[in-house]
Amino acid sequence: MSQVTAVLEELQRTTPLVHCMTNTVVPEVTANVLLAIGAAPAMIDLPEEAEIFAGIASALLVNVGNGSAEQHAGMRRAAPAAVAAGKPWVLDPVAVGALPVRTALARDLLADRPTAIRGNASEILGLAGTSSGGRGVDSTDEAEAALDTARQLAGDTGAIIAVSGPVDLVVSAGRVTRIDGGSAMMPLVIGTGCALGATVAACLGAARPAGLDEHDAVVAAHALFGMAGRIAGHEAVSPGSFRTAWIDALHGWKPGDIGQWTTITEA
Amino acid sequence: MSQVTAVLEELQRTTPLVHCMTNTVVPEVTANVLLAIGAAPAMIDLPEEAEIFAGIASALLVNVGNGSAEQHAGMRRAAPAAVAAGKPWVLDPVAVGALPVRTALARDLLADRPTAIRGNASEILGLAGTSSGGRGVDSTDEAEAALDTARQLAGDTGAIIAVSGPVDLVVSAGRVTRIDGGSAMMPLVIGTGCALGATVAACLGAARPAGLDEHDAVVAAHALFGMAGRIAGHEAVSPGSFRTAWIDALHGWKPGDIGQWTTITEA
Amino acid sequence: MSQVTAVLEELQRTTPLVHCMTNTVVPEVTANVLLAIGAAPAMIDLPEEAEIFAGIASALLVNVGNGSAEQHAGMRRAAPAAVAAGKPWVLDPVAVGALPVRTALARDLLADRPTAIRGNASEILGLAGTSSGGRGVDSTDEAEAALDTARQLAGDTGAIIAVSGPVDLVVSAGRVTRIDGGSAMMPLVIGTGCALGATVAACLGAARPAGLDEHDAVVAAHALFGMAGRIAGHEAVSPGSFRTAWIDALHGWKPGDIGQWTTITEA
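Residue numbers (our numbering), protein chains in the order written: chain G, 1 to 267; chain S, 1 to 267; chain P, 1 to 267.
Just chain G, with the same shape it has in the complex (with noise of 0.2 angstroms):
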């Protein structure tokens, strides 16, 4: 816990900058989420900027959900630039196994080794070729049914693999983390999954230059929407409320409110 709070210290002091190549749906959503942890959003696409922005960045998001072609060619061109310049950046692959565009992109994306990727059940599997995907964006896989995927995929990629569900499982080379929080609400607010794939992003460009463990940083993700969503579905009862009551969380927290909402267990 105390590994957890000093990266989103860390994250609240430097700000930052998350270059975010996202899906259609989610940009402003995401942007508010950067924006309320104390991240700094950059959303660039066009592959000519997408390469030189991810090699300022501190952190680049790489999210297959709905995109172009021309902004697929932008992510093409980014990972490697983002890992030539020492950068972290995670892989989000929304609804791949389901849909081949996508997963042919993101599987190729996987020779850029990809510091984190973050999905639900149904993507990890999905990405591992393990599964043929859910219902698109759906999760039609309980977390742990994916473990010894994400184990696998761990290993063959050097990734640290975040399967979100009811608890979440964040797994690396010989270690995994559950994290139990959240609420029932979340899959009901669109963008819940893909603004942590870019709080992931934050976390590991605030830990990264601090030398902090980036097994660590993803977890603090984690922690952060656990103890977030757990706190607004104290408060409010329907989508729309909610997620008000979520973006509030995630800006007015204190070191002690992640402890208190969420269970953080090494297996």
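Hint data in this document are derived by calculation from the structure and do not stem from the laboratory. Some hints could be false.
Simulated restraints, written as ranges between beta carbons of each label pair [as the list claims (entries may be wrong)]: (1) Ala104(S) with Gly55(P): 16 to 24 angstroms; (2) His234(S) with Arg13(P): 25 to 33 angstroms; (3) Ala104(P) with Ala104(S): 30 to 38 angstroms; (4) Ala69(P) with Ala104(S): 20 to 28 angstroms; (5) Ala69(P) with Thr263(G): 29 to 37 angstroms; (6) Ala73(S) with Ala85(G): 45 to 53 angstroms.
Backbone N, C-alpha and C define an ideal beta-carbon position, used for all residues, glycine too.
Since chain G is already given, all that's left is putting chains S and P on it; use the hints.
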């Protein structure tokens, strides 16, 4: 009213997956509305993926408001794919009549026989060629002014025609239904019309597999919106608060609420 | 102050239609802001349609934040079309200076003599070539640091230059106006700057047909935002709640509110 309730209960029971190809302004609010009412959204625009997904989803929405040439190409592949798979699809002719590219697109898509067409009066007149359309997305015509055109369009295309206004019209061969509900605040929140088109798709996606009447399904979508708008208008007097209350009201309804807050009249 | 009120009353009386060509992050919030203040938004990016619509709308906004090559081509056709039709247009040079494609685009568009240019200090300096721009959309310079550059840019282009910051500057030939209002919460909500650019376009679209002064129109947009930010900051201490209160405040103002919540100073 009991048919309307039957459609909405089927919607909540089956969580239809709605493939949305929509304009750049409303993907987030459309997705949040679909989640609130109990459906599952997926925005997929790339031509190759859209053609595949239209056959997987429960229903397809094609909203021709602000989109790219690439998305338009995807719409031309997705609509026939939905038809081939026996899935209902909805055409939302945003600003058709006023602007040439989308007008040609929408009229071409009529050949794929949409299950329903939903727009404001100016758009329905613009689609039929009766009017040059409104000021972009504004309606400059009352719903009733489009009644004869809607009847003609229903006859020519086989589609159920829905005309949005203070009182909504749903028109199909031999049947006209009026739904009175909503709030004067609704036109002050962007996407209330576009999200209604997606809700029509969701109701059709629930109704068809259950063998429920599809005219009733279109009415059910409008009744749900009429109810939520009226409840939210009762709670909020400004558009920011109204938007939150409206999403909440779309989620938390009970069967009796529809009849309490809307009036449905068969002509 | 009476000129500011005159512009805002004209805005509410005439509902100017604002053609927005804006980035992928902010279309929804921009549209909701325009609706809240009493204008009508239309986002139209396809080159063929954009060129036509720029001549129909009351005013055009060109925001060069994250956009596609296709949209950029549309901007190059729409700006001269607006000028040819005698319509005001606003350039918002998001992250110009830092990124090459948009920087070249924005500088090329100066040849079409924008009526107003609105950005933060880094963007105004970046557009003028005085600075390499901020960290993407962040401003790393105070508004006052851009005053001399704004004066020079106003002289060179004939545009009214607005520089956003804790105190906003509006600069044109021989005139500098400062508007003090807003809230420290505004930079934590995405799109508050971009929506201000759209509001400048709306105020110009109301002012020009009425023969009202266009510098006053740009001031009016900033005063309206200054007022709403301050009211919302008085009501909310977290960014989710603030966003809702801010949209509400943009809608429900009365003429006396502007003077109560903002200070406008002529230098």
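Do the hints match the structure? See the list:
Distance hint for Ala104(S) and Gly55(P): a CB-CB separation of about 20 angstroms, consistent with the stated range 16 to 24 angstroms. At about 28 angstroms, the CB distance of His234(S) to Arg13(P) agrees with the hint of 25 to 33 angstroms. About 32 angstroms separates the C-beta atoms of Ala104(P) and Ala104(S), a value consistent with the hinted range of 30 to 38 angstroms. At roughly 22 angstroms, the beta-carbon separation of Ala69(P) and Ala104(S) lies within the given 20 to 28 angstroms, and the hint holds.
For the pair Ala69(P) and Thr263(G), the supplied restraint of 29 to 37 angstroms is violated, since their beta-carbon distance comes to about 48 angstroms. Checked against the given bound of 45 to 53 angstroms, the beta carbons of Ala73(S) and Ala85(G), roughly 35 angstroms apart, lie outside it.
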